[in-house]
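Chains as they are written, first to last, in my numbering: chain A, 1 to 353; chain B, 1001 to 1342.
No lab work stands behind these hints: they were computed from the structure. These numbers were taken from a predicted model, which means no experiment stands behind them. Backbone N, C-alpha and C fix where the C-beta goes; we use that ideal spot for every residue, glycine too. Some hints could be false.
Unchecked claim - Covered stretches of chain B (in silico footprint by chain A; criterion: 3 or more residues with CB under 8 angstroms from a CB of chain A, positions within the stretch not fixed):
{"id": "1", "stretch": "1146-1157"}
{"id": "2", "stretch": "1163-1170"}
{"id": "3", "stretch": "1282-1288"}
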Amino acid sequence: MLIKLLSGDTPRSGLLAVLLLVILISLAFAPFLFPGTRSLETAAKICIFIVLVASYDLLLGYAGIVSFAHTMFFGIGAYGTALALSTTGPTYGSMIWGTAAGAIVAAVFALAIGLFSLRVKAIFFAMVTLAVASAFAVLVSQLSWLTGGEDGLNYSIPREFKPAFKLVDEKIFDVRINGKLLLYYLVFFASLILFLTMLRIVNSPFGRTLKAVRDNAFRAEAIGYRVVWYRTTATVLSAVMAALAGSLLAIWLRYTGPATTLSMEIMIDILLMVVIGGMGTLYGAVIGATIFILAQTYLQNLMGVAAQATSALPLVSTLVAPERWLLWLGVLFILSVYFFPSGIVGRLRAGRT
Amino acid sequence: MSDTTIKPRIEKVPAAEQLVQKLPVLLVPVLALAGMLAIGNPSTWLTLTVAGLAMGMMIFIMASGLTVVFGLMDVINFGHGAFVTVGAFVGFTVLAWLAGWTASPSVLLNLSALLVAILAAMLITGGLGYAFERVIVKPVYGEHLKQILVTMGGLIVAQQMIHVVWGPDEMHLSRPEALQGSIVLGDAAIEKYRLVAVAIGLALFLGMRHILKNTKIGLLVRAGVENGEMVESLGYRIRRLFLIVFMTGSALAGLGGVMWGLYQETITAHMGSEIMVLVFIVVIIGGLGSVEGCFIGALLVGLLANYTAFLAPKVALISTIALMVAVLMWRPQGLYPVVKAK
């Protein structure tokens, strides 16, 4: 049953299995284990980013395609939901049709970009997506009558998901069962389902063919698989997943703006998470996203301490200043591309044998 | 013994086909003409055209290195934008030191300050290019996926280092005295600096063409683009050639950075990655690896961006994307595809 749920793709490493289990349990019981708004925000962000990063891994790790438009699809999903909620009011209906519309628009965009530029080299696709994504980000911030421009959109969500809504009056384990908690579990279970769906996709015959195309496109073509079709389908699938993750973020934050969904910084974060966690395995996305977001939230405090401790040394203290954490992740990123391209998960799996 | 020498037979290409091959060259005047019709007012048009040409030239300066590097070694450097930023910051720092020179009314002193700034920027970005090639690009030759990832990582690190060295704030600087203000031509006001930018860009393009067409190193570069393995087997060290080209490309990015910075008069740590979008569009339009295509693409993008910024400001960046799509529909490999014998 469990193996079927994981589509036969077991962690294949004791330590990895333990890590994944710890992450799953911590996320599943986050509101009870780590009370407080900040940790709940972090937990929800981890859930959403696991889906987002896994969908990117579908493209980068399984299909071998580098795209810089992933935040664009993420943003399309978020804005779809945000626009639906802000125009037609906070109902479940508008939540659903906004999410669906976002996913469909993302799929159409991905199809167009894919058919247009996947025939040529990987580099070409990377460049085209970079250009298109930044043009899209500029367009969104320009069309302020529709998207709220740089300020983004604030809107409300169905009443049952608001902190003021109480499901039961008593506290359970000292935690108030309110709308925020319900919303967290919506995000958690949606992310879990999406993740398991992706696990199903990559372990299907389609996923295997995708890997074949990645490893040797020429040979795959010769055997009779239509490479362009597989690549385009992978692009579309990953775009839809990213859009759904975007919708989750939009519902969770009750705010959608260019900085939270479309910016190049998020694209770079996603890249870092995939590579550090491990390309070509969806568990890498789980590990990468969790470590990265924990580091983003808590490592900076640690670096602040380090910066204070070294404040006597001028250069060192600027290097370990909390704002410079991306520098070290960048170095880690380059080193991991060189020395362990299969990331943390690959290391763990290799260590087993 | 006959005195006939053996000559290679070169087949004449029919005139119509030649015209089709030359067609992209005509795109620039056609676009300029279309801009004239759309804008209507000749003096506004002149101002915008000069602005567009200046912008195009600056983009060309930044893009040319990138495209040659790709043509020669199949390496695309996503960290190219970092050189642009570093160049701009070095140039601005030097110009700030030489504030006495730039503020003086003497044209000679102004220009020499600019020259010193440009040289310093090119030297530093060239050196940085050397380090970048050795440390970041060299280990991943031939693997596109890793190249993209690693050069992107290089960009992140370089951007953060700029923050460390110059701090997170943007820098402002006014242009040297002699380059401020504009020349009035009829009704049209043309900024002097733009003319200088056009002149530098044009000189660079002609110089580059000259080097590529008429010198031995240019011959080797072109041969390397055509078939690198063959050049190597003839005894030339193509890796070293590539290193030189990479450093030159980086230095040119630095030059472009100084010029762009002076054009905007404000620089930020992420200006490089913003411009890179335009640079990539230009490189794609021109055809990866082609200098001529890159030049035409840069002019097209520069002109179009300025025309649309005047006519419909909201769609300025989208218009360049539309241009890219249109060009790719017409020629899927770009205007002048570089034929690879691979």
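Practice task
Kindly indicate which numbered hints from before are broken by the structure, ordering the numbers from low to high.
Solution key: Per hint list: zero violations.
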